[in-house]
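Colleague: For the sequence shown, the numbering used here gives the first residue as 2, with consecutive numbering after it.
Keep in mind the hints are simulated off the structure, nothing from the lab.
Glycine included, each C-beta is placed from N, C-alpha and C at the ideal position.
Fair warning: there could be bad hints in the mix.
[Said to hold, decoys possible] Here are the in silico distance ranges between beta carbons for each label pair: (1) GLY464 with SER552: 47 to 53 Å; (2) GLU9 with ASP272: 44 to 50 Å; (3) GLU500 with ARG455: 27 to 33 Å; (4) ALA574 with PRO665: 24 to 30 Å; (5) TRP450 with ARG422: 28 to 34 Å; (6) PRO23 with GLU383: 50 to 56 Å; (7) PRO23 with GLU261: 57 to 63 Å; (8) SER552 with ALA274: 35 to 41 Å; (9) LEU47 with GLU261: 35 to 41 Å.
[What the hints assert, rightly or not] With a Cα cut of at most 16 Å, we get these calculated EDC-like pairs of lysine to aspartate or glutamate: (10) LYS575 with ASP658; (11) LYS568 with ASP171; (12) LYS700 with GLU735; (13) LYS568 with GLU156; (14) LYS712 with ASP658; (15) LYS568 with ASP55; (16) LYS700 with ASP720; (17) LYS575 with ASP515; (18) LYS568 with ASP54; (19) LYS575 with ASP171; (20) LYS700 with GLU725; (21) LYS575 with ASP559; (22) LYS575 with ASP520.
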Amino acid sequence: MIRQSLHEGWLLRAVAGGQAPPQVASRSVPASVPGCVHTDLLAAGLIPDPYLDDNETALAWIGRTDWVYETTFDAPTGDADRVDLVCAGLDTVATLAVNGVEVGRAENMHRGYRFAVADALRPGANTLTVRFDSPYRYAEAHRDRLGDRPNAYPEPFHFIRKTACNFGWDWGPTLVTAGIWQEIGLHAWSTARLATVRPLVTVADGVGRVEVVVEIERAAAGQTTAGQAVASGQATAGEPVTVRATVAGAAAEAVVAAGERTAALTVEVRDPALWWPRGYGDQPLHPLDVRLHAADGRELDAWSRRIGFRTVRLDTAPDAYGSAFTLVVNDVPVFVRGANWIPDDAFPDRVTRARLAHRFDQAVGANINLLRVWGGGRYESEDFYELADSLGLLVQQDFLFACAAYPEEEPFRSEVEAEAREQVTRLAAHPSLVLWTGNNENIWAWHDWGWQERLAGRTWGRGYYLELLPAIVAELDPTRPYWPGSPWSGWSDRPGSAEIHPNDPAHGSMHIWDVWNTDDYTKYREYLPRFVAEFGYQAPPAYATLRRAISDDPLAPDSPGMAHHQKAIDGDAKLRRGLDAHLPPPADFAEWHYFTQLNQARAIQLGVEHFRSHRPVCMGAIVWQLNDCWPVTSWAAVDGDGRRKPLWYALRRAYADRLLTVQPRDGGLALVAVNETGQPWRAPAAVTRVTADGEPRAKSAYDLDVPAYGKVELALPADLARPEEPRRELLVAEAGDAGRAFWFFAEDRDADWPAAEYDATVEQVDGGQRVRVTARTFLRDLTLFPDRLDPAAEVDEALVTLLPGESATFTVRAPRPLPAAALTARPVLRTVN
2 MIRQSLHEGW LLRAVAGGQA PPQVASRSVP ASVPGCVHTD LLAAGLIPDP YLDDNETALA
62 WIGRTDWVYE TTFDAPTGDA DRVDLVCAGL DTVATLAVNG VEVGRAENMH RGYRFAVADA
122 LRPGANTLTV RFDSPYRYAE AHRDRLGDRP NAYPEPFHFI RKTACNFGWD WGPTLVTAGI
182 WQEIGLHAWS TARLATVRPL VTVADGVGRV EVVVEIERAA AGQTTAGQAV ASGQATAGEP
242 VTVRATVAGA AAEAVVAAGE RTAALTVEVR DPALWWPRGY GDQPLHPLDV RLHAADGREL
302 DAWSRRIGFR TVRLDTAPDA YGSAFTLVVN DVPVFVRGAN WIPDDAFPDR VTRARLAHRF
362 DQAVGANINL LRVWGGGRYE SEDFYELADS LGLLVQQDFL FACAAYPEEE PFRSEVEAEA
422 REQVTRLAAH PSLVLWTGNN ENIWAWHDWG WQERLAGRTW GRGYYLELLP AIVAELDPTR
482 PYWPGSPWSG WSDRPGSAEI HPNDPAHGSM HIWDVWNTDD YTKYREYLPR FVAEFGYQAP
542 PAYATLRRAI SDDPLAPDSP GMAHHQKAID GDAKLRRGLD AHLPPPADFA EWHYFTQLNQ
602 ARAIQLGVEH FRSHRPVCMG AIVWQLNDCW PVTSWAAVDG DGRRKPLWYA LRRAYADRLL
662 TVQPRDGGLA LVAVNETGQP WRAPAAVTRV TADGEPRAKS AYDLDVPAYG KVELALPADL
722 ARPEEPRREL LVAEAGDAGR AFWFFAEDRD ADWPAAEYDA TVEQVDGGQR VRVTARTFLR
782 DLTLFPDRLD PAAEVDEALV TLLPGESATF TVRAPRPLPA AALTARPVLR TVN
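Use the sequences and the hints to build the structure in full.
Modeller: Written as structure tokens, this is what we have:
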């Protein structure tokens with residue numbers, strides 16, 4: 002068996018007669034594989050950076066141009082029965098030829114292809130050509146053939162099996178890519194190979210069972226005229242072969258008789274160490290090795306992954322509040338502290354394992370325990386899932402349908418089935434994957450967004466979400482739950498019952514988007530959801546990110562570059578509405594930038610603490626969103642250059658294992674302590690009503706005793722909950738090392754805070770500087786922005802509120818010492834007052 006990579010020596014050119022400008026149309030340029038057209042043209046100096054200013058708009062012609070990749074390679078030597086061209090990912094509408102002979106076609110970015118090419122090869126040098134047709138032309142042709150269908154944006158992304166957000170989103174650029182985006186190579190083999198390996202892991206009564214389902218392809222199976230291997234189910238021949246699986250010191254084997262092509266063998270491991278989500282236990286992983294041997298003992302093929310022993314189920318039982326939506330891992334209900342994940346770059350070849358590892362460190366640092374891979378992006382990589390396995394990050398993976406009515410006619414139904422079968426099989430080994438979801442917002446959209454009249458009976462995807470996809474998951478991976486949509490209430494599982502709205506808070510999962518779109522963030526408190534899969538609030542990226550991406554001089558909220566990097570409909574007006582509701586008018590751009598980032602952090606912290614305070618009725622919150630794919634004003638906690646916004650620090654606090662929060666209850670206030678650990682939380686607590694001058698007006702003490710994975714709610718007495726001077730008073734709650742919780746009786750725009758006065762010192766420490774701020778007056782949401790001085794600078798803390806006489810220490814990491822005077826004054830050091 003020979004595997005030969007084909008990643009070198011590629012050239013890229015535009016097909017004549019398209020929209021490419023003369024400087025591009027007239028030449029070939031070196032191409033990176035894996036890669037895409039945009040990054041190749043950028044590396045060749047033929048286009049400007051699409052992420053800067055409004056360059057994106059001037060590059061729209063790339064998605065309407067046909068492209069050719071070409072390389073030469075030496076044919077593998079030896080006596081293999083078969084030689085296949087294996088393409089892990091082609092983006093998207095591709096025709097492949099070897100030495101001028103067409104060997105295959107592809108039209109789905111979300112699946113791999115294998116083409117038999119032995120008949121097209123010749124000794125020595127060979128030429129491989131991959132032509133990519135314009136995604137727009139393909140999608141628009143199918144739209145015209147099948148009839149248009151509604152979607153969220155005026156782009157035809159639902160008529161091609163391609164990353165939907167390539168066509169633009171309310172946080173993303175319109176950069177319609179093409180290219181060989183995953184590995185490509187030759188596979189020379191004989192007798193038989195492992196076509197698929199699907200490990201199904203279960204644990205019961207102290208025994209871990211790994212059912213290894215193997216599909217064999219035999220070299221004697223023959224070929225189609227298109228050069229592809231014959232489809233499953235056609236007659237096969239060949240000799241008996243043996244499959245052997247080993248894991249954790251146990252083994253099993255099975256003989257696949259001549260003419261047969263599948264085997265299932267079960268390996269049992271007694272008392273396996275269980276894999277747990279982060280915060281619930283360890284993540285032991287065990288190598289699972291599967292080997293295929295010929296009748297004479299020769300090893301024909303091998304496959305290996307690391308697996309974890311754990312169980313997962315989705316509890317949706319009816320109860321007094323509606324019906325639950327609770328992930329249960331190893332029989333322990335898990336409160337999901339999650340974030341939505343979008344593609345981390347518009348150009349996937351730039352998302353390296355190291356970059357993912359850094360982003361995952363940021364997720365873990367914010368106390369996130371689940372990432373939801375959103376349905377308008379991609380099925381994520383092996384790197385993504387391996388990192389999630391090792392860190393204990395749970396993953397909810399959407400099937401790739403988002404915000405549109407998707408046609409169910411051919412060729413789409415067959416392509417959807419092929420990609421779903423491939424991806425469910427590919428990801429079956431990963432313990433981090435705990436939930437498949439059928440789509441993003443499409444069932445909700447059909448119900449509420451005027452689709453029914455516009456569709457006039459045309460297909461829209463219902464058959465995928467409620468029939469095809471659940472059947473595939475049930476067949477290929479019954480160890481994991483499937484849920485038809487996000488949001489979805491489960492109404493079609495209730496025959497004979499009244500219809501339940503798909504976004505009903507009392508049932509299943511929901512999205513909250515009236516907050517941000519139309520309502521203030523305090524409205525989060527009006528919801529008692531079972532599980533919130535999306536909710537979010539916008540803010541601009543870090544200042545250094547803006548300055549790298551936008552050349553406006555001066556920067557202003559509505560300057561041209563800022564406007565181009567705000568993709569949400571009426572986004573700036575919504576930011577302004579939020580500021581007007583809570584904060585004084587910003588004096589300049591620096592204050593606008595700080596206030597909008599602060600408002601985002603406050604909005605999400607309020608929502609998360611409210612949802613967590615209603616545990617166990619609510620058992621999950623997945624904020625929109627963790628990351629960005631380019632520099633943009635968006636809902637992300639980590640911006641497109643990888644910098645943490647103040648929201649990240651707020652999430653770290655709100656998602657902490659032990660949360661102390663003050664919440665409105667029954668016309669008064671309550672102290673709520675939430676314990677998301679396996680040990681009881683016992684600590685003295687105190688709540689003090691205090692003035693901005695630091696004068697205590699009332700105080701109560703409590704002895705907290707919060708059970709493992711539980712909460713305690715304590716009503717506060719009237720002398721705490723009713724201020725004498727609302728504009729000058731606040732509540733401060735403390736409990737051991739759980740940090741502080743605050744309750745403010747007035748919005749900052751109305752509060753009578755004193756002007757900020759403080760003392761600050763700066764000292765050198767290993768790798769950075771320590772900034773110590775001591776308050777002489779009340780300081781609200783003290784935050785340091787060192788990236789204004791050095792784009793590489795980071796700080797360990799943000800959004801700190803101090804009473805007079807109190808101090809806070811910030812550690813700044815930067816490649817070089819930053820000037821102390823600048824570190825301790827505006828616009829670097831900021832406070833609301």
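Colleague: All hints, please: hold or fail.
Modeller: Each hint, compared with the structure:
Evaluation of the 47 to 53 Å hint for GLY464 and SER552 yields a pass: the beta carbon distance comes to about 49 Å. Between GLU9 and ASP272 the C-beta distance comes to about 49 Å, which sits within the given range of 44 to 50 Å. At roughly 21 Å, the beta carbons of GLU500 and ARG455 sit outside the given window of 27 to 33 Å. Roughly 28 Å separates the CB atoms of ALA574 and PRO665, a value that falls within the hinted 24 to 30 Å.
Against the hinted window of 28 to 34 Å, the Cβ-Cβ separation of TRP450 and ARG422 comes to about 30 Å, which satisfies the hint. The supplied range of 50 to 56 Å is broken by PRO23 and GLU383, whose beta-carbon atoms lie about 41 Å from each other. Under the hint 57 to 63 Å, the C-beta atoms of PRO23 and GLU261, about 59 Å apart, fit the expected range. Range check, SER552 to ALA274: about 55 Å between beta-carbon atoms, so the 35 to 41 Å window is missed.
Distance hint for LEU47 and GLU261: a CB-CB separation of about 53 Å, inconsistent with the stated range 35 to 41 Å. Taking the CA atoms of LYS575 and ASP658, the gap is about 32 Å. The hint is violated against a cut of 16 Å. The hinted pair formed by LYS568 and ASP171 meets the criterion: a straight-line CA distance of about 5 Å does not exceed 16 Å. Between LYS700 and GLU735, the direct Cα distance comes to roughly 11 Å. Compliance with the 16 Å bound is thereby established for this hinted pair.
For the hint pairing LYS568 with GLU156, the CA-to-CA distance comes to about 14 Å; that is within 16 Å, so the pair holds. Using a Cα cut-off of 16 Å, the hinted pair LYS712 and ASP658 holds, with the two alpha carbons roughly 12 Å apart. Of the supplied pair hints, the one linking LYS568 and ASP55 holds, its CA atoms being roughly 12 Å apart against a limit of 16 Å. Proximity of LYS700 to ASP720 is assessed by CA-CA distance (about 8 Å); at most 16 Å being required, the pair is judged to hold.
Between the alpha carbons of LYS575 and ASP515 the distance comes to roughly 11 Å, so the proposed pair stays at or under 16 Å and holds. Only pairs whose Cα atoms come within 16 Å are accepted, and LYS568 paired with ASP54 is accepted, the gap being roughly 13 Å. Taking the CA atoms of LYS575 and ASP171, the gap is about 13 Å. The hint holds against a cut of 16 Å. Taking the CA atoms of LYS700 and GLU725, the gap is about 14 Å. The hint holds against a cut of 16 Å.
For a cut-off of 16 Å, the pair hint linking LYS575 to ASP559 stands: about 13 Å separates their Cα positions. For the hint pairing LYS575 with ASP520, the CA-to-CA distance comes to about 9 Å; that is within 16 Å, so the pair holds.
The earlier numbered hints that this structure contradicts are 3, 6, 8, 9, 10.
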